[in-house]
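Trainee: Residues per chain are reported as follows:
There are 2 protein chains.
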Amino acid sequence: MTITFQAPSSDKAELEGDGAFTPRFDSDGLVTAVVTDIRDGELLMVAHMNAEALALTIETGVAHYYSRSRAKLWKKGETSGNLQTVHEVRTDCDQDAVWLKVSMSGHDAACHTGRRSCFYRAVKKSDGGAVLEIQDQQRHFDPEHVYSGHDETGKR
Amino acid sequence: MTITFQAPSSDKAELEGDGAFTPRFDSDGLVTAVVTDIRDGELLMVAHMNAEALALTIETGVAHYYSRSRAKLWKKGETSGNLQTVHEVRTDCDQDAVWLKVSMSGHDAACHTGRRSCFYRAVKKSDGGAVLEIQDQQRHFDPEHVYSGHDETGKR
Numbered sequence: 001m002t003i004t005f006q007a008p009s010s011d012k013a014e015l016e017g018d019g020a021f022t023p024r025f026d027s028d029g030l031v032t033a034v035v036t037d038i039r040d041g042e043l044l045m046v047a048h049m050n051a052e053a054l055a056l057t058i059e060t061g062v063a064h065y066y067s068r069s070r071a072k073l074w075k076k077g078e079t080s081g082n083l084q085t086v087h088e089v090r091t092d093c094d095q096d097a098v099w100l101k102v103s104m105s106g107h108d109a110a111c112h113t114g115r116r117s118c119f120y121r122a123v124k125k126s127d128g129g130a131v132l133e134i135q136d137q138q139r140h141f142d143p144e145h146v147y148s149g150h151d152e153t154g155k156r
Numbered sequence: 001m002t003i004t005f006q007a008p009s010s011d012k013a014e015l016e017g018d019g020a021f022t023p024r025f026d027s028d029g030l031v032t033a034v035v036t037d038i039r040d041g042e043l044l045m046v047a048h049m050n051a052e053a054l055a056l057t058i059e060t061g062v063a064h065y066y067s068r069s070r071a072k073l074w075k076k077g078e079t080s081g082n083l084q085t086v087h088e089v090r091t092d093c094d095q096d097a098v099w100l101k102v103s104m105s106g107h108d109a110a111c112h113t114g115r116r117s118c119f120y121r122a123v124k125k126s127d128g129g130a131v132l133e134i135q136d137q138q139r140h141f142d143p144e145h146v147y148s149g150h151d152e153t154g155k156r
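Protein chains in written order, with my numbering: chain Y, 1 to 156; chain F, 1 to 156.
Just chain Y, same shape as in the assembly (with noise of 0.2 Å):
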């Protein structure tokens, strides 16, 4: 790892200008990266990124997270094969968040449950609470079989 980040300005048209990337990582060392493809804009995933996750990926291009589950540096697609290749990262106004546009190798899945994303479920109001309703059933690959024997079985 050979980027490093600064420390985040406490002056605010500092942080929200051009200059240094100085990412403000919270309290767990993380910021939230979002991910959308490339091709449409379809919003794959959401998922959390360390100094170390962060900085491989804008090194190499290739998305790298950080596992909350596992407590571990985790390059998306390992297991899978669904590598993502970054083609433009960016960040907003506080810096505390990432956005990354990918296109996606494998299964072109980036959801553990073979799915292409992971927001395959619609929210609805239903009776003093709410309901999910999936939207998208088709799956790309059978999570048993691509993770038989590896604990890359949750996205975090």
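Treat the hints with care, as some may be off.
[Stated by the list, open to error] To be clear about the criterion: a stretch of chain Y counts as covered by chain F if any three or more of its residues have a C-beta under 8 Å from a C-beta of chain F, and this derived list gives those stretches: (1) 16-25; (2) 30-43; (3) 117-123.
[Said to hold, decoys possible] Facing chain Y, from chain F, some residues (calculated, C-beta under 7 Å): (4) T32; (5) G41; (6) L43; (7) V46; (8) V89; (9) C93; (10) W99; (11) T113; (12) F119; (13) A122; (14) V123; (15) G128; (16) A130.
Calculated directly from the structure, the hints in this document are not laboratory data. Glycine included, C-beta positions come from ideal geometry on N, C-alpha and C.
Assemble chain F onto chain Y, guided by the hints.
Mentor: Just chain F, lined up with the frame of chain Y:
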């Protein structure tokens, strides 16, 4: 607030299926909200929601968030007029993030800097570090004027 959320299931298949929406709030009681424009899918902002903000959003069809910096419920656009009408809410496989597809009123700008999107800067590699390049200079409103005398000057 009439919508209440049940505790998430510890059963993975249940969490990933249809049935009740059982958001997985983090230790601060928040889920991540990704907001895109229904017109063209542009990523507008990333914010956070507590149970109250999420319930109000689902119930009223107008986006509500939780401001971490101000530690209170935040009806987006209350000061600036840039309300967000929610056309669809989705959630991801482990139900700790939601995706809102919205249309904006007011100045057609989600960012407190006056830009359409908070993600107006690209991150580029540069000599062992990373720098920011502004991609969108168009201000849809003058923040100084719009937020004068109000405290909604930061997006969180």
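Trainee: With reference to the structure, classify each hint as holding or not holding.
Mentor: Now for the hints, and whether the structure bears them out:
1. As drawn, the region 16-25 of chain Y meets chain F at 6 residues by the rule of a beta-carbon pair under 8 Å; at three or more, the given contact holds.
2. With 7 residues having a beta carbon nearer than 8 Å to a beta carbon of chain F, the region 30-43 of chain Y meets the requirement of three or more and the stated coverage holds.
3. Against chain F, the region 117-123 of chain Y contributes 6 residues with a C-beta closer than 8 Å to a partner C-beta. That satisfies the three-residue criterion, and the hint holds.
4. Interface restraint check for T32(F): the shortest CB-CB distance to chain Y comes to about 6 Å, inside 7 Å, so the restraint holds.
5. For G41(F), the interface hint holds, the least distance from its beta-carbon to any beta-carbon of chain Y being 4 Å, beneath 7 Å.
6. Nearest Cβ of chain Y to the Cβ of L43(F): about 5 Å, under the 7 Å cut. The hint holds.
7. A cut of 7 Å between beta carbons decides the hint on V46(F): the least distance to chain Y is about 4 Å, and the hint holds.
8. The interface hint given for V89(F) is met, as the beta carbon of that residue sits about 4 Å from the closest beta carbon of chain Y, less than 7 Å.
9. Using the Cβ-Cβ criterion of 7 Å, the hint placing C93(F) at the interface with chain Y is satisfied: the shortest such distance is roughly 5 Å.
10. About 5 Å separates the beta-carbon of W99(F) from the nearest beta-carbon of chain Y, less than 7 Å, and the hint is met.
11. About 6 Å separates the beta-carbon of T113(F) from the nearest beta-carbon of chain Y, less than 7 Å, and the hint is met.
12. The beta carbon of F119(F) is positioned within 7 Å of a beta carbon in chain Y (closest approach about 4 Å), and the interface hint is therefore held.
13. Checking A122(F) against chain Y: minimum C-beta separation of about 5 Å stays under 7 Å; hint holds.
14. Against a cut-off of 7 Å between C-beta atoms, the interface hint on V123(F) holds, since the closest Cβ of chain Y lies about 4 Å away.
15. Taken as an interface hint, G128(F) checks out: its beta carbon lies about 5 Å from the nearest beta carbon of chain Y, inside 7 Å.
16. For A130(F), the shortest C-beta to C-beta distance to chain Y is roughly 4 Å, which falls under 7 Å, so the interface hint holds.
The structure shown violates none of the earlier numbered hints.
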